[in-house]
Amino acid sequence: MVGRGGKFKGEDFIRPGRLKLFVGVVIVADKDFIETFSRQKKAFLRKFSREADKQKSDSSPAVEHKKVLDWFESWLKGEAEAVSGKRERARERLKERVKEREQGALSFEQFVDMVLEQTKELLAERDIEINYSLPGQSLGISESWKCVKVFGNNDIYYRIGRTRPRKGPRKGEELLVLDLVMDGYKKQVFVPLLDRKEIIEENIGSDLERELPKVEATGKYRFKMLLPFDLVEKGDVKETAKKFVDFISATKHHLNELGVN
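If you count the sequence shown from 1, position 63 lands on 63 in the numbering used here, and the numbers rise without skipping.
Derived from the structure by calculation, the hints contain no laboratory data.
Listed next, the in silico BS3-like pairs over lysine-lysine satisfying Cα-Cα at most 25 Å (straight line):
1. Lys120 <-> Lys149
2. Lys214 <-> Lys167
3. Lys242 <-> Lys197
4. Lys197 <-> Lys220
5. Lys197 <-> Lys167
6. Lys197 <-> Lys224
7. Lys197 <-> Lys187
8. Lys224 <-> Lys214
9. Lys214 <-> Lys186
10. Lys171 <-> Lys220
11. Lys120 <-> Lys238
12. Lys224 <-> Lys186
13. Lys220 <-> Lys252
14. Lys187 <-> Lys149
15. Lys120 <-> Lys224
16. Lys149 <-> Lys197
17. Lys186 <-> Lys252
18. Lys224 <-> Lys187
19. Lys42 <-> Lys77
20. Lys242 <-> Lys252
21. Lys214 <-> Lys197
22. Lys120 <-> Lys234
23. Lys234 <-> Lys224
24. Lys197 <-> Lys252
25. Lys120 <-> Lys252
26. Lys186 <-> Lys197
27. Lys41 <-> Lys77
28. Lys242 <-> Lys149
29. Lys149 <-> Lys238
30. Lys187 <-> Lys214
31. Lys238 <-> Lys252
32. Lys234 <-> Lys171
33. Lys149 <-> Lys186
34. Lys220 <-> Lys149
35. Lys242 <-> Lys224
36. Lys171 <-> Lys214
37. Lys167 <-> Lys224
38. Lys186 <-> Lys220
Note that this is a predicted model, so its numbers are computed, not measured.
Please build the complete structure, drawing on both the sequences and the hints.
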């Protein structure tokens with residue numbers, strides 16, 4: 001019987017005299033349960049058959065109950081096989097995805113190089129020339145970051161890299177980062193650009209992050225676009241390059257107006 005909310009009540013499923021069989025609301029169709037159920041079913045039928053024999057009934061209800069129990073056992077076995085099959089197929093799909101990723105995976109350096117190459121091509125179509133051949137350390141940053149030079153001023157540039165924040169809402173999360181670095185140019189560039197931050201965000205369709213206050217207090221001023229590292233893991237060069245192009249295009253003309261050329 002089905003009660004309110006669609007839950008199986010269990011009681012009165014089988015009621016031979018005083019005998020009641022209670023079936024739980026949740027049944028785990030695993031091998032151990034099915035084996036236990038099968039043993040209990042046989043014991044129940046033996047006992048019920050003896051009671052039916054005493055009554056000398058030609059139309060023993062035990063026969064009908066046996067059919068019900070047989071159907072239920074058959075259903076359980078089918079469910080267990082279906083679940084087992086689903087799990088096996090899921091394991092196979094996972095193995096295939098891992099194999100594909102291992103065979104086609106790019107290193108982070110290879111991924112960044114491909115992104116920069118495509119970014120340069122796309123920006124050239126907008127008459128924006130960039131140079132990303134400078135090694136990171138020549139601009140005072142670590143080798144894990146690669147910089148993009150757009151202006152004659154070497155102190156203001158873009159860069160791409162990876163990070164794992166130690167504080168904040170995204171603590172411990174690995175991220176791909178696109179940066180606009182304006183270190184040392186607080187009054188001339190950073191503060192005026194802050195007034196245009198919302199306009200820039202609307203143009204690129206993404207929020208821009210700043211450095212923490214204590215970092216900015218040391219003279220480091222940046223706008224950051226934080227992207228999921230899934231882009232790297234999936235090798236999505238096209239989408240990442242598009243994000244970088246939008247970021248550079250949306251900020252460059254504002255910087256030009258502020259005298260950065």
